[in-house]
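Trainee: As you go down the protein sequences, you meet chains A and B in turn. Quick note on my numbering: the first sequence kicks off at 19 and runs consecutively. Quick note on my numbering: the second sequence kicks off at 1473 and runs consecutively.
No lab work stands behind these hints, which were simulated from the structure alone. Think of the CB as a built atom: it goes at the ideal place given N, C-alpha and C, for glycine as much as any other residue. Heads up, some of the hints might be wrong.
Covered by chain A, according to a simulated footprint, are these stretches of chain B (three or more residues, beta-carbon under 8 Å) [unchecked claim]:
1) 1507 to 1516
2) 2064 to 2072
So, partial list: chain B residues that the calculated Cβ filter (under 7 Å) puts toward chain A [stated by the list, open to error]:
3) L1475
4) Q1477
5) P1481
6) V1664
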Amino acid sequence: MAVTLTEAAAKHVRKSLDKRGKGVGLRLAVKTSGCSGLSYALEFADGPGDEDISFESQGLTLLIDSKSLPFLDGTELDFVKEGLNEGFKFNNPNSKAECGCGESFAV
Amino acid sequence: MALLQIAEPGQSAVPHQHRLAAGIDLGTTHSLIATVQSAQPRVLPDALGRVLLPSVVHYAAPRADADADADADADTAEVTVGAEAVALQPHDPLNTIASVKRLMGRGMADVLKAGAPPYLLVDAPGMVSVSTAAGVKSPIEVSADILRSLKARAEASLGGELTGVVITVPAYFDDAQRQATKDAARLAGLHVLRLLNEPTAAAIAYGLDQGAEGVFAVYDLGGGTFDISILRLSKGVFEVLATGGDSALGGDDFDRALALWLAEQARLDWAQLDAHAQQQRLMAARAAKEALSSQQAVTVHSTIVSRETFAQVTQPLIQRTLSATRRAVKDAKLELADIQGVVMVGGSTRMPVAREAVAKFFDKAPLTNLNPDEVVAIGAAMQADVLAGNASADGQWLLLDVCPLSLGLETMGGLVEKVIPRNATLPTSRAQDFTTFKDGQTAMTIHVVQGERETVNDCRSLARFQLRGIPPMVAGAARIRVTFQIDTDGLLSVSAQELSTGVHADIQVKPSYGLSDEQIAQMLTDSVGKAKVDMALRMLREAQIDARRLLDATEAALAEDGDALLSPVERQHIHDAINLVADRLETEADTDAVKSACNALNQVTTAFAARRMDASIRRALSGRTLDAIA
Chain A
19 MAVTLTEAAA KHVRKSLDKR GKGVGLRLAV KTSGCSGLSY ALEFADGPGD EDISFESQGL
79 TLLIDSKSLP FLDGTELDFV KEGLNEGFKF NNPNSKAECG CGESFAV
Chain B
1473 MALLQIAEPG QSAVPHQHRL AAGIDLGTTH SLIATVQSAQ PRVLPDALGR VLLPSVVHYA
1533 APRADADADA DADADTAEVT VGAEAVALQP HDPLNTIASV KRLMGRGMAD VLKAGAPPYL
1593 LVDAPGMVSV STAAGVKSPI EVSADILRSL KARAEASLGG ELTGVVITVP AYFDDAQRQA
1653 TKDAARLAGL HVLRLLNEPT AAAIAYGLDQ GAEGVFAVYD LGGGTFDISI LRLSKGVFEV
1713 LATGGDSALG GDDFDRALAL WLAEQARLDW AQLDAHAQQQ RLMAARAAKE ALSSQQAVTV
1773 HSTIVSRETF AQVTQPLIQR TLSATRRAVK DAKLELADIQ GVVMVGGSTR MPVAREAVAK
1833 FFDKAPLTNL NPDEVVAIGA AMQADVLAGN ASADGQWLLL DVCPLSLGLE TMGGLVEKVI
1893 PRNATLPTSR AQDFTTFKDG QTAMTIHVVQ GERETVNDCR SLARFQLRGI PPMVAGAARI
1953 RVTFQIDTDG LLSVSAQELS TGVHADIQVK PSYGLSDEQI AQMLTDSVGK AKVDMALRML
2013 REAQIDARRL LDATEAALAE DGDALLSPVE RQHIHDAINL VADRLETEAD TDAVKSACNA
2073 LNQVTTAFAA RRMDASIRRA LSGRTLDAIA
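Using the sequences and the hints, build the whole thing.
Mentor: Shown next as structure tokens:
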């Protein structure tokens, strides 16, 4: 079981954490909402919770709660630029269908 | 495919519910747009990485195929905004509009007073407009084109439609100028969450609203304008205590001062140079000025310019900003030592001369660590993020703004009754009861004015409307409640209601455009300087109103009971006293003269009044037994 960051994503996360000035890493989660049933959440993490499983990737800590992990296992978090727009993208092998906007998905 | 941003813990947005909000600094020379992403505010660059959008718009004539549509239509006309428009300026100055912010909400006369810009101005009703190859453009339309360009940039960057924006305006902008800014946003298809004062936005960007309470100065030296604002922060409310500045002083003047000095060193007569050479020398001076912010000395046209030389050459300009600052501190009735912090805003505050002068003036280091070009837009973006509902739900951060000038209405004698005092926190609603002045008065004109002075003539007229259908009553018996309401953008609505019948009238203040920045600032300073004159005038008017009321009452009493209760001699005395009062009113005598005449009239009518009282008691009691009365 693993969740990883691409180099571009790691660079951006590190920059964001620096700017924010606090936080131990990044939290990835899956929530039950959105048009295809599940949606991703991406947050700064100030510390691990009881149910969290922690991963290291590119020298950064990723925290994922145990309920979300089955849906995220094998995911690679990437940071991409599309024209002027830039942001994070989940490359999730578990995802079978995405809604048009890509904000939610189904497994 | 939507791309995700990192959120603060616990604040991930539900899909399709993240609201894109942005802050816009709509400046005189440059405009920019910023947003909050991954809990960090950042300004949004265009495709070429440029953050600052020059506030310049070029209108080209509609192409030949659009000729059938004789009135140049906005859709067929070519509109160019920003750096590309600046490039067109030398070739087509008449159709390239810069510094349109100076025209917002102004009348023709105000604009000409400030020195005519090089376009064809048209005096449209309410606001001056510019005649271009693409037809007549109002400043609102030109501003809307700038806003549209920023909107397109933001939506391309953020990958979605903007839910709402916060646009900044100078603290001294009056209702007309604020309304014009809002109209421009609406025209550009933007939803304005709120207009925010520029100095307040800068203070937010520096996080002053989160920390200490106290008084702060915001020193804003831009490309073409200088503004100084004194703000007080208490309990999350920013009050603008005083504003000042110079609407014709900015970085351009520093370039010019240096260019003139360089020409002098090279024994060139500036006036003899052609426009092109002057322009080139100004550009070189500007480059030198910018280089001096990071270097100790530069060489221009084979002359060495050191920081010290530059400081000497521009000393008079810096001095002008400091005198304006001193005045603003004085207007706020404060001492320099009361200022807890100084925020530097505007690209020109990069100049070490400006920073050093301000640090020395206030005897404390100014806040300069944010990019001075971006600080206002960043503060606006932070405010927009909160207002759009993206920031923390615990709502610890609801910033309030204040009403910049008092609002009131005209009462008898041309006096102003203030209903909402200056610096009331917005939104606000205040009501006050008024009454009729004449017996049987059935209508009342509500004249809404803005300003600090005591007389209507010295304040700005905003709107007038009539309340009709007041039932006929004796003077002073009707109760008319006038309610003033200001929303969070500082826009006003006024309603009036007669309480016994419920008749009602109201107005949305669509301010009559046309008051200049200088006038606003003047109004503020005048109110302080002319306080004594104003109070004297107010006392005179009040004495005159009392005198007229006394005359009306005495004449009514004479008509009713004069024959029955007065001897011819007494009657003559009263008539003489009446004539004296009327005479002093007619000749505009001073307050004391009017008052003494009134006192005289009161004295000679005392006996008459007592007899009338006796008579009416007798009438009331006659024919009744003692038992019935007890």
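Trainee: State for each hint whether it applies.
Mentor: Consistency of the hints with the structure:
no., hint, in the structure
1, 1507 to 1516, "holds (count 4)"
2, 2064 to 2072, "violated (count 0)"
3, L1475, "3 Å, holds"
4, Q1477, "6 Å, holds"
5, P1481, "5 Å, holds"
6, V1664, "23 Å, violated"
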